[in-house]
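**Q** Letter by letter, the chains look like this.
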Amino acid sequence: MRRKVGSAAAKTPVRAKTPAQAWKNGASAPCQFPLGCKGFSPSGSQGLKAAKFPPLNAALEGPLFHAIFSVRERMLIILLIAFLFDLRAYAQVTFDRLLNSAKEPQNWLTYSGDYAGRRHSALDQINVTNVRSLTAKWVYQTGATGKLESTPLVVDGILYATAQDDRAFALDARTGRPIWLYQRQLPGDLRPCCGHVNRGLAILGDKVFLGTLDAHVIALDAKTGNIIWDVTAADYQKGYSFTGAPLAVKNLIITGVSGGEYGVRGFIDAYDAATGERKWRFDTVPGPGEPGHETWEGDSWKVGGAPAWNTGTYDPQTDQIFWPTGNPAPSNRGEGRAGDNLYSNSLLALNAATGKLNWYFQFTKHDEHDWDATQIPLMIDTNGKHLIAQANRNGFFYVLDRTTGKLISANAYGKTTWSDTKDSEGRPIANKNSSPTLQGHTVCPGALGTTNYMSPAYNAQTGLFYVTARDQCDIFSTAPQPYEAGHAYYGSAYFPSEDAKPYLGFLKAIDPATGEIKWKFQHTTPTWSGVLSTAGGLVFTGDAEGNFIALDAASGKPLWHFQMGGAVYAAPMAFALDGKEYVAIAAGSAIYTFALP
Amino acid sequence: MASICGRLRFALIAMIATASLAHAADGRNPLADDPKAAKAGEYEFRINCALCHGLGAQGGGRGPDLTRAQKKHAHSDAEMFQVISNGIAGTAMPANGTNGQGVGMTDEEIWQLVAYIRSVEVKAPANPLGNAAHGKALFYGDANCSLCHMVEGKGGRLGPDLTSAGGSRTRDSIIDSVRHPSNHLAWGLTEATKEFPQEYESITVVTAGGKEISGVALNEDNFSVQIMDSSEHLHLLEKDKLRSFQKTRKSMMPPYDPSSLSDKDMEDIVTFLFNVGAK
Chain A
1 MRRKVGSAAA
11 KTPVRAKTPA
21 QAWKNGASAP
31 CQFPLGCKGF
41 SPSGSQGLKA
51 AKFPPLNAAL
61 EGPLFHAIFS
71 VRERMLIILL
81 IAFLFDLRAY
91 AQVTFDRLLN
101 SAKEPQNWLT
111 YSGDYAGRRH
121 SALDQINVTN
131 VRSLTAKWVY
141 QTGATGKLES
151 TPLVVDGILY
161 ATAQDDRAFA
171 LDARTGRPIW
181 LYQRQLPGDL
191 RPCCGHVNRG
201 LAILGDKVFL
211 GTLDAHVIAL
221 DAKTGNIIWD
231 VTAADYQKGY
241 SFTGAPLAVK
251 NLIITGVSGG
261 EYGVRGFIDA
271 YDAATGERKW
281 RFDTVPGPGE
291 PGHETWEGDS
301 WKVGGAPAWN
311 TGTYDPQTDQ
321 IFWPTGNPAP
331 SNRGEGRAGD
341 NLYSNSLLAL
351 NAATGKLNWY
361 FQFTKHDEHD
371 WDATQIPLMI
381 DTNGKHLIAQ
391 ANRNGFFYVL
401 DRTTGKLISA
411 NAYGKTTWSD
421 TKDSEGRPIA
431 NKNSSPTLQG
441 HTVCPGALGT
451 TNYMSPAYNA
461 QTGLFYVTAR
471 DQCDIFSTAP
481 QPYEAGHAYY
491 GSAYFPSEDA
501 KPYLGFLKAI
511 DPATGEIKWK
521 FQHTTPTWSG
531 VLSTAGGLVF
541 TGDAEGNFIA
551 LDAASGKPLW
561 HFQMGGAVYA
571 APMAFALDGK
581 EYVAIAAGSA
591 IYTFALP
Chain B
598 MASICGRLRF
608 ALIAMIATAS
618 LAHAADGRNP
628 LADDPKAAKA
638 GEYEFRINCA
648 LCHGLGAQGG
658 GRGPDLTRAQ
668 KKHAHSDAEM
678 FQVISNGIAG
688 TAMPANGTNG
698 QGVGMTDEEI
708 WQLVAYIRSV
718 EVKAPANPLG
728 NAAHGKALFY
738 GDANCSLCHM
748 VEGKGGRLGP
758 DLTSAGGSRT
768 RDSIIDSVRH
778 PSNHLAWGLT
788 EATKEFPQEY
798 ESITVVTAGG
808 KEISGVALNE
818 DNFSVQIMDS
828 SEHLHLLEKD
838 KLRSFQKTRK
848 SMMPPYDPSS
858 LSDKDMEDIV
868 TFLFNVGAK
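In order, the protein sequences belong to chains A and B. No gaps in the numbering here: position 86 of the first sequence is 86 in my numbering, and each next residue is one more. Every number in my numbering is 597 more than the matching position in the second sequence, counting from 1.
It cannot be assumed that every hint is accurate.
Unchecked claim - Facing chain B, a subset of chain A residues (Cβ under 10 Å, in silico): (1) K147; (2) T478; (3) P482; (4) A488.
Calculated directly from the structure, the hints in this document are not laboratory data. Even glycine gets a Cβ: it sits at the ideal position worked out from N, Cα and C.
Model the full structure from these sequences, guided by the hints.
**A** Here you go:
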């Protein structure tokens, strides 16, 4: 799209008051480029500049600037500055932009929307008063089958997302038309657990990054989808794979491996974004001589699991990443791996630059129920306290001091039967009779957990933590298996308990200060949808019946819904373009976007 | 020289074994009658199959009893291998590795599974020994089953079609469903991407106009419900336009206790269903 240069609006840079206003102002400003606004997005960037450089904007409007330069010169200077900043904005997603993602709410730069994992958008054009008129804008069919778990990224008018079988693609965010498509050629003997799924990309510089099912980490050119580098992280034939969206921190691409069902030895890796060179690896099961190694019986550590398959968060104040880990292997049989089995089912605080462990907190010790603690660890700052909260798969909502890793509170937020007592630190500990048996033993929550990988959201205005929850109990029955590389290594079979029907699904709003559930919205059946919170006073979520739903963030009252025709296994996100706020979500085999008419 | 021949012969046998493992050219399980394979297959079964087919393969609420020698979709080992690998279109039986929870199995593991299923098959199945003709008469007559259930295109629509029930379910589970219909509600519509199928729940609503409608749920979500009432009328309703909405897991089917349906008559009906299901 081309627009005329030199309109009145172009001479008067917009001064932003809040990020939310910035994108609106910017979006209505015409193109400022000497050659017109070709390339990606002609709008949205003005708001970005205004938000990022308010002192400069003020100087350009000041009397001194006007006194020194002629009209023509002033215009050239403004155009030159605008051009330089815009080049940077279009071509590069710098670490600085990731740090300051709150200043450009028109974009969605990381899997969870910010480093804190809040999945909250500052956009407020769609709000409690007008959401009833929200309407579908475009739909993109991925052609993939199975569970579509991806959260898109949006940068300056381009939407990047993934689909099953390691598809990645870039779409014109205004129309949904593809710019490039990448489809990995996966090996025929690939047998990943839990579907050929992928949850998304990281973006840094001019590349997007994907962890693949055959355990590679790859960098694709953001403009073409061309492979820039491709490194092998581990051997997929031994059950290693990647499904989670990586996290870009400084010059590093950080990601954790999947494979807790195969007896992998889990790890978290950091790669140089420019070259793909591995900069550090943290083994989530300590080897001989390392602290924590004594928590494994015999050689069980070698196949101890503890994968790290979801996306962590990052605290720039302390330069730490918080990365959660999954179940010990075999997942449902503790025999043969006596001990706490560190660092399975833990939250790890690692130095982002080195991967060195600062602290850890283990949620479920010596787990026998497949309760991966891989839920998003969400950073909350309140009353001068620096907290990290996680709604755990084991049914408890944990709040930790993220400086020390000390537990502050742990409260059940769903149906749990496995723990009636807490240890001296306040951590729920397993009842003696909660282990699987040959005949089968019913435990709540079931193996799928009270929640799972689905992303929660946090809104600082309401002070509420929103999370998808399910009440389901399973019968856990042992099925002892010897370890064999690349083969399933569960040690148990589990079944939903018929007696515990119906299985209930909810969206719950938890007050992190008290653990109290302020409201809950009941789904018809349990859902795998994540949650988006927005400054419009809304939370968005999806359901298993194919509805996309907007609710009042304060009360949980449903205000709007749209039937998408396929179940939701992904989390929603928001972006803005042309002065319009969009919300987007994957459902069925497609990505849907919505905006006001 | 002899040892070279021996090794060559061994290599040839190994190649053939590998080929048959992958392709099952002769249609027979290469691991047949290997008790170790059957044991390994039992673990595979508990992890991958028991969710639907029950521990011990005797049929869960969802999948058929596999201990019956006569199977609907697979007779030879090779057919069983194909069914496990590729699933059965139009049923809840998924292709290997696509149920979204478990790990897919290797060819070898599938053969182990086949060996296990063969090992638990009851050679002379405990088929019900009632009078099928009398069972049929009861089904379409005095027992009133056909008011709500169809068999081979004849009967009512309110309850599940029972044409295939006798071919897939155990005698005991059919009897349990007749005696205690609310214990395990039957499954209705299964949508491709949805985790749970719709169950035969009972719904009562009052419309904005004050009309009360009761029936079974054909489908439901948070905003709409699709009901069939006892006169087989469809009601497609938006929930926010209803005055009230109530749902229970008490089946609309009346429980048949032995005073209303004797054990002998029960056996006759099950025999009728088994005969139909075996077709």
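**Q** Now tell me if each hint is right for this structure.
**A** Cross-check of the supplied hints:
{"no.": "1", "hint": "K147", "verdict": "6 Å, holds"}
{"no.": "2", "hint": "T478", "verdict": "9 Å, holds"}
{"no.": "3", "hint": "P482", "verdict": "9 Å, holds"}
{"no.": "4", "hint": "A488", "verdict": "4 Å, holds"}
Of the numbered hints given earlier, the model fails none.
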